[in-house]
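Student: Residue numbers (our numbering), protein chains in the order written: chain A, 5 to 380; chain B, 16 to 401.
Derived from the structure by calculation, the hints contain no laboratory data.
Small disclaimer: the values here were computed from a predicted structure and weren't measured.
There could be a bad hint or two in this list.
With a Cα cut of at most 27 angstroms, we get these calculated BS3-like pairs of lysine-lysine [what the hints assert, rightly or not]:
| hint | chain 1 | residue 1 | chain 2 | residue 2 |
| --- | --- | --- | --- | --- |
| 1 | B | Lys401 | A | Lys85 |
| 2 | A | Lys118 | B | Lys390 |
| 3 | A | Lys158 | A | Lys35 |
| 4 | A | Lys173 | B | Lys401 |
Listing some non-contacts, in silico: residues in chain A with all C-beta distances to chain B over 12 angstroms [claimed, not checked]:
| hint | residue |
| --- | --- |
| 5 | Leu33 |
| 6 | Pro107 |
| 7 | His149 |
| 8 | Ala275 |
| 9 | Pro343 |
In this text, a Cβ means the ideal position worked out from N, Cα and C, and glycines have one as well.
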Amino acid sequence: MMVIILDNSNTRVVVGMSGGVDSSVTALLLKQQGYDVVGVFMKNWDDTDENGVCTATTDYEDVAKVAAEIGIPYYAINFEKEYWDRVFQYFLDEYKAGRTPNPDVMCNKEIKFKAFLDYAEELDADYIAMGHYAQTTTDDDGVVHMLRGADGNKDQTYFLSQLSQDQLKKSLFPIGHLQKPEVRAIAAEYGLATAAKKDSTGICFIGERNFKQFLSTYLPAQPGKMMTVDGVEMGTHDGLMYYTIGQRSGLGIGGNTQNSEPWFVVGKDLATNTLYVGQGFNHPALMATSLDASQMSFFTGHAPAEQFHCTAKFRYRQKDTGVTVTMNGDQAKIVFDEPVRAITPGQAVVLYDGAECLGGGTIDLAYNDAKVLQYI
Amino acid sequence: MAHIYLDNAATTPMAKPVIAAMTEQMEQDFGNPSSTHWFGRQAHTVMDASRQVLAASINARPENIQITSGATEANNTAITEVAHANRDKGNHIITTAIEHPSVLKPLAQLEKEGYDVTYLPVDEAGHISLADFDAALDDRTILVSVMTGNNEVGSVMPIQAIGHRLADHQAVFHTDATQAYGLLDLDVDALGVDLLSVSAHKINGPKGIGFLYRRAGVNFPPLLRGGEQESKRRAGTENVAAVAGFAAAVKLITPQEKADRQAKYLGFKQQIQDSLRGAGVDFVVNGTVEAGALNHVFNLWFPGVSTYALQTNLDLAGFAVSGGSACTAGSLEPSHVLTAMYGADSPRIAESIRVSFGKATTTMDIAQFIQALIKIVTRLRAKAAK
Chain A
5 MMVIILDNSN TRVVVGMSGG VDSSVTALLL KQQGYDVVGV FMKNWDDTDE NGVCTATTDY
65 EDVAKVAAEI GIPYYAINFE KEYWDRVFQY FLDEYKAGRT PNPDVMCNKE IKFKAFLDYA
125 EELDADYIAM GHYAQTTTDD DGVVHMLRGA DGNKDQTYFL SQLSQDQLKK SLFPIGHLQK
185 PEVRAIAAEY GLATAAKKDS TGICFIGERN FKQFLSTYLP AQPGKMMTVD GVEMGTHDGL
245 MYYTIGQRSG LGIGGNTQNS EPWFVVGKDL ATNTLYVGQG FNHPALMATS LDASQMSFFT
305 GHAPAEQFHC TAKFRYRQKD TGVTVTMNGD QAKIVFDEPV RAITPGQAVV LYDGAECLGG
365 GTIDLAYNDA KVLQYI
Chain B
16 MAHIYLDNAA TTPMAKPVIA AMTEQMEQDF GNPSSTHWFG RQAHTVMDAS RQVLAASINA
76 RPENIQITSG ATEANNTAIT EVAHANRDKG NHIITTAIEH PSVLKPLAQL EKEGYDVTYL
136 PVDEAGHISL ADFDAALDDR TILVSVMTGN NEVGSVMPIQ AIGHRLADHQ AVFHTDATQA
196 YGLLDLDVDA LGVDLLSVSA HKINGPKGIG FLYRRAGVNF PPLLRGGEQE SKRRAGTENV
256 AAVAGFAAAV KLITPQEKAD RQAKYLGFKQ QIQDSLRGAG VDFVVNGTVE AGALNHVFNL
316 WFPGVSTYAL QTNLDLAGFA VSGGSACTAG SLEPSHVLTA MYGADSPRIA ESIRVSFGKA
376 TTTMDIAQFI QALIKIVTRL RAKAAK
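Could you put the whole structure together from the sequences, leaning on the hints where they help?
Tutor: Pasting the structure below:
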């Protein structure tokens with residue numbers, strides 16, 4: 005039997021190490037495969053408190069421990085300015101426009117796979133690698149395709165949906181074929197310091213803090229009227245930006261005598277600063293049959309056809325829905341096979357063909373047949 | 016891969032005679048110098064002999080040398096305790112904008128307590144002006160703390176001139192001589208300083224040991240309490256082995272050795288500048304190259320090349336230089352020294368590295384470093400131009 009041993013030692017891979025278990029195992033696997041591995045920690049947000057403590061410190065300490073355990077050099081890079089300009093401003097602008105932004109999608113597009121990739125190339129990297137649950141495959145023409153992560157529960161292609169072919173060609177996802185428990189088991193087997201570390205939750209710059217309080221420090225809240233779609237006043241809201249389409253909690257209204265079903269946010273009108281509420285999880289105003297999307301981006305560089313049928317996700321970890329996509333430049337009309345609840349402007353719509361993630365765009369408008377739903 | 020160390024302003028490797036002195040001390044004695052038995056006396060003798068060596072190195076008397084855990088403790092003690100002890104005489108302190116954080120942070124704390132601190136500005140060469148000093152000095156001034164030489168750009172401060180001005184003034188004069196010790200001849204009487212801080216690990220001695228010189232008559236309470244060591248001025252059982260190592264390191268720094276090093280390091284600066292110019296690599300020196308400076312420090316600006324990329328690439332190629340001080344999360348803090356010299360908006364702050372030479376640095380090391388530096392800077396500039 006002929007054994008081909010690939011020599012990866014001249015291939016430099018710069019790994020984005022966050023101090024979490026996923027990127028720790030990413031670096032470990034690459035090192036085991038013989039690559040010239042360099043770990044780099046990104047500091048994107050300054051959350052130094054009045055005692056001079058910032059959460060990034062503990063994470064960086066974990067990077068240091070893991071890198072020493074694996075035997076790779078590690079460094080840090082500061083992208084606070086880039087993050088502020090390219091992600092946080094977008095985040096605030098979207099809220100100001102009455103939409104619900106997705107900073108993780110933007111962070112991947114602008115920071116992890118752009119600013120970081122640029123920096124890695126300055127370090128003479130051949131590839132960057134991230135601890136995302138996603139997989140890639142290269143076809144006979146050399147085109148890289150994005151595949152869902154093997155762990156259906158952890159698949160992160162939704163957040164990677166705005167990446168270009170050029171970005172994908174430079175990226176490795178070494179843990180994409182693994183299940184999360186397998187990743188933890190590998191970390192434990194090799195005694196990595198992060199093996200049992202809790203996964204980070206929430207948006208990186210907000211962390212565990214109170215979202216409403218955080219947002220109110222950057223955007224002035226404008227309380228306004230809360231009404232039913234039939235025009236009945238139901239009280240006041242604290243500011244439209246605090247509410248997401250389809251959200252239940254926080255309305256402060258109980259059921260009434262005729263109907264004990266809970267109340268949900270079913271619409272927003274930025275012009276009149278009105279929050280619309282309705283009773284019932286599947287309130288008709290929450291049900292959409294199609295949407296308009298912009299900034300459509302495909303990993304291969306182009307849509308499969310001018311019109312095609314595939315499946316879609318409208319938020320992370322949602323079940324796929326069958327859709328028909330009609331392209332118009334970088335915009336698309338996406339018609340659902342069956343109605344979908346709480347389509348939220350500002351969020352990503354991501355398209356799939358079986359295991360392959362095709363790409364995605366940003367939701368601008370939701371429709372119920374021909375009627376635009378009052379969501380911004 | 017060979018690793019070449021060009022970050023000697025951060026710390027230096029211990030010299031062989033230092034390791035030998037410490038090993039001997041650790042193997043032969045372990046006594047507590049305060050103990051009144053044979054073991055204690057053995058250790059006490061080592062302390063006395065070492066203190067003589069340390070005192071002689073700055074023309075001081077042994078009883079005026081207070082051993083500390085390093086320059087950070089010496090600076091903290093000097094500044095905080097002098098300010099508190101002289102509160103009845105005034106609340107004004109003069110320092111420079113380019114001191115080490117172990118001077119600036121205690122001063123920031125004193126400001127919170129109501130003291131008034133004047134930070135003398137520096138010019139683009141990293142020099143303060145005596146006219147600024149004279150304008151700042153008044154009869155409320157109780158403390159002047161000016162470093163002997165700067166750790167980032169190597170500029171030397173007019174210590175003797177300030178000493179003369181303060182000869183008949185109430186203000187206590189402190190100088191942080193950490194970087195200058197081992198390169199410049201320091202005589203506390205000639206300089207007219209009352210307090211002087213140094214650290215052993217910058218001169219091929221061990222880490223965690225240093226001293227504070229205190230002129231007779233300058234009194235203030237101890238920072239660390241709970242023991243009668245160091246003539247009741249610094250509590251805590253003495254680190255005898257480190258003190259022995261410190262003295263061994265000091266013995267190696269003869270006046271000739273200092274002069275030789277200064278000349279050798281100036282030669283390295285010339286070698287680097289000539290080679291970069293010869294290769295057509297665009298660069299600017301932060302500060303100036305001058306004979307009387309601390310020549311072991313060389314700070315260079317490579318326009319358009321980020322400190323992160325340059326320092327990291329050099330490290331990956333085996334060359335250790337400094338990109339500035341890092342925060343606890345690893346990212347670089349903008350240099351307060353370069354900011355003071357060139358303004359907060361200067362691109363230099365994010366595009367400079369510090370190279371610092373030591374006793375073991377060779378011309379061959381520098382030649383290899385220059386080769387790697389040229390290659391990396393050229394590649395980064397080519398990438399940026401794309």
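Student: A separate judgement is required for each hint: does it hold in the structure or not?
Tutor: Cross-check of the supplied hints:
1. Distance check on the hinted pair: B/Lys401 and A/Lys85 sit about 22 angstroms apart at the alpha-carbon level, within 27 angstroms; holds.
2. Among the hinted pairs, A/Lys118 with B/Lys390 is consistent with the structure: their alpha-carbon atoms are about 24 angstroms apart, no more than 27 angstroms.
3. Distance hint between A/Lys158 and A/Lys35 is fulfilled; the C-alpha atoms sit about 24 angstroms from each other, no more than 27 angstroms.
4. Of the pairs offered as hints, the one joining A/Lys173 and B/Lys401 holds, with about 19 angstroms between alpha carbons and a cut-off of 27 angstroms not exceeded.
5. Look at A/Leu33: its CB is around 21 angstroms from the nearest CB on chain B, clear of 12 angstroms, so calling it non-interface holds up.
6. With a closest Cβ-Cβ approach of about 20 angstroms to chain B, A/Pro107 is found to remain outside the 12 angstroms limit, as its non-interface label requires.
7. The beta carbon of A/His149 is kept farther than 12 angstroms from every beta carbon of chain B, the shortest such distance being approximately 27 angstroms.
8. Taking the minimum C-beta to C-beta distance to chain B, about 41 angstroms, the non-interface status of A/Ala275 holds against the 12 angstroms cut.
9. Every C-beta of chain B lies more than 12 angstroms from that of A/Pro343, the closest at about 47 angstroms, which supports listing it as non-interface.
Comparing the model with each earlier hint shows no violations; every hint is respected.
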